[in-house]
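Protein chains: 2
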Amino acid sequence: MNRAFLIEQIRNKKSFLCIGLDTDPEKIPPHLLQEDDPAYTFNKSIIEATSDLCVAYKPNTAFYEANGVAGWNSLQKTIAYIPSDLFVIADAKRADIGNTSDRYAKAIFEGLDADAITLHPYMGYDSIKPFLEYAEKWAILLALTSNNGCQDFQMLDLTNGSEKLFEKVLKVSKTWAEPDKMMYVIGATHPEAFVKVRKIVPDHFLLVPGIGAQGGSLAEVVRYGANDEVGLLVNASRSILYASSGTDFAEAARKEALKIRDEMSVFVDQILKD
Amino acid sequence: MNRAFLIEQIRNKKSFLCIGLDTDPEKIPPHLLQEDDPAYTFNKSIIEATSDLCVAYKPNTAFYEANGVAGWNSLQKTIAYIPSDLFVIADAKRADIGNTSDRYAKAIFEGLDADAITLHPYMGYDSIKPFLEYAEKWAILLALTSNNGCQDFQMLDLTNGSEKLFEKVLKVSKTWAEPDKMMYVIGATHPEAFVKVRKIVPDHFLLVPGIGAQGGSLAEVVRYGANDEVGLLVNASRSILYASSGTDFAEAARKEALKIRDEMSVFVDQILKD
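Chains as they are written, first to last, in the working numbering: chain L, 273 to 546; chain B, 273 to 546.
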């Protein structure tokens with residue numbers, strides 16, 4: 273998917289919501305467990321109930337790999353079921369030496385036909401490059417993540433004392449690709465960091481996890497992180513997926529997604545007013 | 273597998289060779305492509321031809337994921353076929369927030385029953401912790417990788433100017449687990465760095481890619497990287513797997529593995545003489 277189309281979707285839907293399909297067989301409604309493929313059945317219902325409210329879905333590969341061959345199959349079917357006007361992010365957090373990243377790019381961009389993949393920056397440019405060689409596919413680099421562990425390395429001060437590792441990651445990696453092929457993960461749990469981030473990468477989309485179950489605030493993310501094209505995909509996973517464990521799970525998920533979309537629509541109107 | 277058993281295997285086999293099962297359907301001998309599961313058939317022959325010469329196998333998950341569901345199936349069958357006295361490393365280079373890393377640990381340690389997994393350190397302690405909670409399973413952290421991209425971030429100087437990011441990764445992460453649950457990836461392409469590495473982590477095993485196709489020297493790795501229990505697993509992948517593209521591929525792979533084992537046996541005798 274190209275950047276103009278993604279922005280168009282945000283404008284049309286008045287939403288920059290990304291729904292994380294972190295589908296865990298231990299958490300989905302018990303009545304689905306008798307289905308042939310419970311995770312896929314669950315995802316189908318979630319997608320049907322929410323696809324008009326969000327612009328992206330983000331299945332996290334871990335939840336599928338945990339079920340081995342059957343899980344990979346659920347993942348493949350899920351992505352194939354997502355309507356083509358939605359942006360699909362394989363939240364896979366990969367990266368390896370060039371000839372190996374090349375295989376991951378094939379797996380995610382050709383095999384699964386996702387639009388984007390999340391990547392660890394630690395191994396540097398040649399580990400990311402293979403993902404940049406596909407037209408209208410995106411590399412989404414981890415910069416400042418939403419978990420406590422971000423303090424261990426991402427927040428370290430570099431030599432000159434004027435920047436932290438995550439800022440250096442942004443500065444270096446933004447030279448690798450234009451904002452139409454690269455995005456960054458910035459956790460909603462660091463509203464104060466968005467100001468610094470936007471100084472370095474004013475035009476890139478930011479994929480923002482951490483609202484909902486992890487406690488970040490949407491209003492703060494928009495306040496400090498939005499640019500004049502919105503430039504945000506804000507993710508919620510557990511708060512939507514597991515809003516109910518009954519037979520009304522899809523309806524409850526829709527209600528949660530609607531709450532977020534309604535909050536977002538005000539921001540979209542403000543930002544994208546012609 | 274526990275540490276004592278691994279060292280025992282090194283002593284018995286006079287080898288610290290790890291063979292990387294980076295099995296690429298585009299590179300395996302063409303006559304295998306008519307098989308039901310070419311990658312698995314290839315791996316079986318490689319394992320049969322080399323399992324007395326190495327102490328570990330390291331399938332890289334990328335090469336299997338590139339074939340989707342069928343690939344994950346080949347990977348599962350390959351790991352199940354490896355004799356239980358060999359150490360199995362899932363070279364998956366994962367790591368995510370805690371509740372997600374937990375799913376990867378389940379996929380790799382329970383689903384595939386691998387002994388170890390390679391991990392990106394960028395997201396910090398809570399992204400690694402779930403892998404440390406399995407008895408006799410190992411987390412192998414990327415510290416200094418063998419590719420050019422290691423210069424981009426791993427080699428950055430931190431505030432005090434006295435250490436680089438990869439050294440900080442070693443110093444911080446070694447407090448997370450004992451050397452019987454954690455190893456580090458240090459590329460063979462940096463012999464000079466092994467001295468620094470050994471000052472920080474004298475007792476940990478180092479998984480060393482980069483000899484063979486990537487050009488590192490085994491003698492230098494041993495000289496600067498071995499400790500008094502050897503403390504090294506040195507990996508070769510392409511130089512062994514693709515030694516011949518004919519029907520003699522397994523024999524040719526054995527010959528390559530034997531060359532490395534013979535060089536290693538001299539070092540093992542020197543280091544582990546009673």
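Note that these hints are calculated values from the structure, not bench results.
Note that the coordinates shown come from a computational prediction; the quantities given were computed from them, not determined experimentally.
Hints may be right or wrong, so weigh each one.
Identical chains blur together in the list; that is why a pair holds if it fits in one copy or across any two.
Straight line, CA to CA, 20 Å or less: simulated DMTMM-like cross-link-like pairs of lysine to aspartate or glutamate [unchecked claim]:
(1) Lys-443 <-> Glu-320
(2) Lys-471 <-> Glu-405
(3) Lys-286 <-> Asp-500
(4) Lys-545 <-> Glu-298
(5) Lys-378 <-> Asp-541
(6) Lys-443 <-> Asp-429
(7) Lys-468 <-> Glu-405
(8) Lys-378 <-> Asp-398
(9) Lys-299 <-> Asp-374
(10) Lys-349 <-> Glu-492
(11) Lys-545 <-> Asp-309
(12) Lys-436 <-> Glu-382
(13) Lys-471 <-> Glu-492
These are the hints, each one checked on the structure:
Proximity of Lys-443 and Glu-320 under a CA criterion of 20 Å is satisfied in neither setting, with 39 Å inside one chain copy and 48 Å between copies. In this homomeric assembly, Lys-471 and Glu-405 never come within 20 Å of each other (Cα to Cα): the closest approach is 27 Å inside a single copy and 40 Å across copies. Proximity of Lys-286 and Asp-500 under a CA criterion of 20 Å is satisfied intra-copy only: 14 Å inside one chain copy versus 63 Å between copies. Proximity of Lys-545 and Glu-298 under a CA criterion of 20 Å is satisfied in neither setting, with 43 Å inside one chain copy and 51 Å between copies.
Proximity of Lys-378 and Asp-541 under a CA criterion of 20 Å is satisfied in neither setting, with 38 Å inside one chain copy and 44 Å between copies. Taking the shortest Cα distances, Lys-443 and Asp-429 sit within 20 Å of each other both inside one copy (14 Å) and across copies (16 Å). For the identical chains of this complex, Lys-468 and Glu-405 are neighbours neither inside a copy (29 Å) nor across copies (36 Å), given an alpha-carbon limit of 20 Å. In this assembly of identical chains, the alpha carbons of Lys-378 and Asp-398 lie at most 20 Å apart only when taken from the same copy (16 Å versus 29 Å across copies).
In this assembly of identical chains, the alpha carbons of Lys-299 and Asp-374 lie at most 20 Å apart only when taken from different copies (14 Å versus 34 Å within one copy). Neither within a single protomer nor between protomers do Lys-349 and Glu-492 lie at most 20 Å apart by alpha-carbon distance, with minima of 36 Å and 49 Å respectively. Proximity of Lys-545 to Asp-309 under the C-alpha cut-off of 20 Å is found in neither arrangement, the shortest distances being 44 Å within a copy and 56 Å between copies. For a Cα distance limit of 20 Å, the shortest separation of Lys-436 from Glu-382 qualifies neither inside one copy, at 35 Å, nor across copies, at 37 Å.
Taking identical chains as interchangeable, the C-alpha atoms of Lys-471 and Glu-492 lie at most 20 Å apart only when both belong to the same chain, with a minimum of 17 Å there against 44 Å between chains.
Checked against the numbered hints given earlier, the structure breaks hints 1, 2, 4, 5, 7, 10, 11, 12 and satisfies all the rest.
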